[in-house]
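Undergrad: Modelling step: build the complete structure from the supplied sequences, incorporating the hints.
Just so you know, the sequences run in chain order A and B. According to the working numbering, the stretch in the first sequence is residues 310 to 457, in order. According to the working numbering, the stretch in the second sequence is residues 9 to 490, in order.
Among the hints, erroneous ones may be present.
25 Å max Cα-Cα, derived DSS-like pairs, lysine-lysine [what the hints assert, rightly or not]: (1) B:Lys446 x B:Lys239; (2) A:Lys392 x A:Lys351; (3) A:Lys364 x A:Lys321; (4) A:Lys364 x B:Lys446; (5) B:Lys446 x A:Lys423; (6) A:Lys423 x B:Lys175; (7) B:Lys175 x B:Lys203; (8) A:Lys321 x A:Lys311; (9) B:Lys118 x B:Lys265; (10) A:Lys345 x A:Lys321; (11) A:Lys423 x B:Lys118; (12) A:Lys423 x B:Lys168; (13) B:Lys203 x B:Lys446; (14) B:Lys203 x B:Lys265; (15) A:Lys398 x A:Lys423.
Chain B stretches covered by chain A per the calculated footprint, using a threshold of three residues with CB under 8 Å from any CB of chain A [to be verified]: (16) 354-368; (17) 463-470.
If you're looking for bench data, these hints aren't it; they were derived computationally from the structure. Each residue gets a CB set at the ideal place from its N, CA and C atoms; glycine is no exception.
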Amino acid sequence: MKRILLTPDTEKEIDIDPSSAERHALETGTTLVLDKSGRVHKITHGGGRLLVNGKEVQLSLADPRNRRRNANAGNDSGRRDVKAAMPGKVIKVLVEPGQTVEAAAGLLILEAMKMQNEVRSPGPGTVAAVRVAVGDTVASGQVLVTLE
Amino acid sequence: MVQKILVANRGEIAVRVLRGIREAGFTAVAVFTPIDRGALHLSHADEAYPVDSYLNPDAILAAARRAGATALHPGYGFLSENADFAQLCADAGVLFIGPPASAIRSLGSKTAARDVAIAAGAPVVPGTDGPVTDIAEARRVASQIGYPVLIKAAAGGGGKGMRLVEKESELESALRDASSEAERSFRSGEVYIEKALIHPRHIEIQIFGDNHGHLIHLGERECSIQRRHQKVVEECPSPLVARNLPMRHAMGEAALKVARAAGYTNAGTAEFLVDADSNFYFLEMNTRLQVEHPVTELVTSVDLVHMQIEAAFGAELQRKQEDITWRGSAIQCRLYAEDPANQFFPSPGRIDRLRMPSGPGIRLDNGVYEGWTVPMDYDPLLAKLCVWAEDRPRAIARMARALGETEILGIANNVAFFRQLLQDPGFQSGQLHTGFLKTFAYTPDATLTESELEAAIAILASAEAPPATAAPTAIRSNWSRR
Numbered sequence: 310m311k312r313i314l315l316t317p318d319t320e321k322e323i324d325i326d327p328s329s330a331e332r333h334a335l336e337t338g339t340t341l342v343l344d345k346s347g348r349v350h351k352i353t354h355g356g357g358r359l360l361v362n363g364k365e366v367q368l369s370l371a372d373p374r375n376r377r378r379n380a381n382a383g384n385d386s387g388r389r390d391v392k393a394a395m396p397g398k399v400i401k402v403l404v405e406p407g408q409t410v411e412a413a414a415g416l417l418i419l420e421a422m423k424m425q426n427e428v429r430s431p432g433p434g435t436v437a438a439v440r441v442a443v444g445d446t447v448a449s450g451q452v453l454v455t456l457e
Numbered sequence: 009m010v011q012k013i014l015v016a017n018r019g020e021i022a023v024r025v026l027r028g029i030r031e032a033g034f035t036a037v038a039v040f041t042p043i044d045r046g047a048l049h050l051s052h053a054d055e056a057y058p059v060d061s062y063l064n065p066d067a068i069l070a071a072a073r074r075a076g077a078t079a080l081h082p083g084y085g086f087l088s089e090n091a092d093f094a095q096l097c098a099d100a101g102v103l104f105i106g107p108p109a110s111a112i113r114s115l116g117s118k119t120a121a122r123d124v125a126i127a128a129g130a131p132v133v134p135g136t137d138g139p140v141t142d143i144a145e146a147r148r149v150a151s152q153i154g155y156p157v158l159i160k161a162a163a164g165g166g167g168k169g170m171r172l173v174e175k176e177s178e179l180e181s182a183l184r185d186a187s188s189e190a191e192r193s194f195r196s197g198e199v200y201i202e203k204a205l206i207h208p209r210h211i212e213i214q215i216f217g218d219n220h221g222h223l224i225h226l227g228e229r230e231c232s233i234q235r236r237h238q239k240v241v242e243e244c245p246s247p248l249v250a251r252n253l254p255m256r257h258a259m260g261e262a263a264l265k266v267a268r269a270a271g272y273t274n275a276g277t278a279e280f281l282v283d284a285d286s287n288f289y290f291l292e293m294n295t296r297l298q299v300e301h302p303v304t305e306l307v308t309s310v311d312l313v314h315m316q317i318e319a320a321f322g323a324e325l326q327r328k329q330e331d332i333t334w335r336g337s338a339i340q341c342r343l344y345a346e347d348p349a350n351q352f353f354p355s356p357g358r359i360d361r362l363r364m365p366s367g368p369g370i371r372l373d374n375g376v377y378e379g380w381t382v383p384m385d386y387d388p389l390l391a392k393l394c395v396w397a398e399d400r401p402r403a404i405a406r407m408a409r410a411l412g413e414t415e416i417l418g419i420a421n422n423v424a425f426f427r428q429l430l431q432d433p434g435f436q437s438g439q440l441h442t443g444f445l446k447t448f449a450y451t452p453d454a455t456l457t458e459s460e461l462e463a464a465i466a467i468l469a470s471a472e473a474p475p476a477t478a479a480p481t482a483i484r485s486n487w488s489r490r
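TA: This is the structure we're talking about:
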């Protein structure tokens with residue numbers, strides 16, 4: 310079957326023969342795959358992530374029939390959301406709407422586990438909106454700032 | 009009636025101490041904050057009481073009273089080195105399992121501990137006792153302690169007013185610069201001179217005393233692998249001391265001198281810096297059980313928590329100094345919820361998968377479980393993975409094997425970082441110093457071999473929902489969500 314293999318920065322069309330690999334389910338979330346040369350690969354998945362022989366990777370499959378829609382989804386505006394890479398508490402907001410920022414400029418400061426971390430701009434742009442305020446607790450993946 | 013001991017802590021150390029309490033035949037009592045309602049340590053307790061904070065002495069003592077606890081173990085961090093809390097416990101008739109409040113107080117700050125050490129005749133980093141203003145005196149002092157020297161602001165911190173001086177010709181201008189920078193930063197131009205230790209090792213000595221005047225040491229731990237003054241890997245023996253065993257005795261004696269002078273009892277750790285010529289200098293005393301105590305336990309075959317409980321209840325030390333022997337080699341890796349690919353940022357969150365190693369020579373002091381959400385409110389230590397083997401190369405190989413079995417998904421963690429560190433020739437050779445991690449470059453490796461990629465695709469394909477029912481645009485975001 311035809312599928313698109315997605316990684317965070319690439320996508321590639323592949324053809325999969327689902328019956329090709331010998332699989333042994335282990336405990337929940339872990340499967341062993343024996344390849345043709347007899348090598349054992351241990352694959353654990355959970356929370357949308359994969360560990361392949363201990364290496365954490367971000368891989369997913371998409372159906373080629375949805376490809377066009379996927380491409381369109383990314384193209385609908387020039388806006389970019391800056392998301393929290395980890396949960397934390399907003400200690401300080403360093404920018405305001407309308408402000409122009411350089412790449413890697415500090416946007417705000419998050420605190421977690423007794424450490425403060427600066428969230429930086431992924432590229433140059435203008436701050437369209439600041440979605441959080443000082444004192445807010447944010448979840449991983451929550452939008453903090455929108456750039457345009 | 010069986011007596012109760014309360015553990016005023018959380019995480020892996022609460023689990024470790026609660027286990028020791030049960031083994032010693034006592035009833036194990038835990039406390040927990042609202043955030044820690046589902047925390048692992050509760051499952052190792054016979055009774056558990058809510059508190060608003062692990063830092064609130066009144067709440068902890070109220071829980072001890074409610075439980076009818078005879079004694080309290082503070083663990084490390086939180087209230088463990090708080091002399092006032094130790095005193096409050098004593099006043100409330102609750103045995104504080106640790107040194108007396110007076111010893112905590114007299115060793116409480118680095119400067120106080122330094123004064124005790126000097127008076128006791130233990131070596132400290134050579135330097136001036138008071139400020140130096142005059143260049144003639146500075147020259148005399150610097151040549152006496154030997155270059156390189158550090159000029160430090162007496163009122164200072166954070167590197168302000170600090171100058172490294174390699175040779176005498178640089179001394180006068182460095183003194184002037186440091187003094188004026190100190191004046192600007194702290195409104196005091198006073199500076200002092202200290203021997204500069206370049207790439208020192210951090211080696212510490214475990215000590216232990218009972219209430220009957222017996223004090224022994226249990227050898228050293230090498231803790232040079234640190235980041236931002238946070239220890240990351242610890243081992244016993246130190247690779248340096250293992251090649252120079254008289255150092256163990258000399259450092260042990262120095263640690264005991266400080267302990268005796270402070271009237272120390274129970275478990276404690278004297279920290280030393282060691283220079284390139286194997287000279288050691290007392291730094292400070294940690295008046296509690298250390299995070300890294302398991303490596304000492306593995307190599308000396310003692311149980312420090314049992315010893316702590318026995319000594320606190322007045323028992324005499326069963327082991328004399330000559331009974332302490334060191335066998336094999338132990339290493340501990342601190343598994344942290346932090347992202348080595350992103351400046352070691354902390355990474356709280358849900359643990360989606362957790363596979364921990366087992367088998368020969370493994371000791372796991374763990375504080376988490378699969379499905380639990382690691383809170384953002386406490387420190388990022390998840391578990392301590394320790395191994396023991398006959399010698400250091402075998403211990404490194406065993407740790408590499410154990411790390412290979414370890415799988416954590418859902419939160420960023422430093423397992424892959426340790427796998428790489430153990431391969432480093434510098435680490436393997438034992439040439440360690442406190443700046444080691446600044447020179448060690450971790451490179452995230454998420455590249456798969458062709459057959460690994462095929463295997464991964466096979467798993468994804470079999471886990472895939474039928475294309476007709478899959479939400480088309482959601483697929484990608486599902487896989488990139490953390």
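Undergrad: Look at each hint and say if it fits the structure.
TA: Hints versus structure:
1. B:Lys446 x B:Lys239: With Cα atoms ~13 Å apart, Lys446 of chain B and Lys239 of chain B stay inside 25 Å; holds.
2. A:Lys392 x A:Lys351: Violated, at roughly 31 Å.
3. A:Lys364 x A:Lys321: Satisfied, since the Cα-Cα distance of roughly 21 Å is no more than 25 Å.
4. A:Lys364 x B:Lys446: holds, 24 Å
5. B:Lys446 x A:Lys423: Given that 25 Å is the threshold and the Cα spacing comes to 22 Å, the pair holds.
6. A:Lys423 x B:Lys175: Outside the cut-off at roughly 40 Å; violated.
7. B:Lys175 x B:Lys203: Satisfied, since the Cα-Cα distance of roughly 12 Å is no more than 25 Å.
8. A:Lys321 x A:Lys311: holds, 11 Å
9. B:Lys118 x B:Lys265: holds, 16 Å
10. A:Lys345 x A:Lys321: Given that 25 Å is the threshold and the Cα spacing comes to 23 Å, the pair holds.
11. A:Lys423 x B:Lys118: At roughly 22 Å apart (the allowed maximum being 25 Å), Lys118 of chain B and Lys423 of chain A satisfy the hint.
12. A:Lys423 x B:Lys168: holds, 24 Å
13. B:Lys203 x B:Lys446: This hinted pair holds, its Cα atoms lying about 22 Å apart.
14. B:Lys203 x B:Lys265: holds, 22 Å
15. A:Lys398 x A:Lys423: Answer holds: Lys398 of chain A to Lys423 of chain A is near 11 Å, not above 25 Å.
16. 354-368: As far as the region 354-368 of chain B goes, the hint holds, because 8 residues have Cβ atoms under 8 Å from chain A.
17. 463-470: Since three or more residues must qualify, the claim that chain A covers the region 463-470 of chain B holds, with 8 doing so at under 8 Å.
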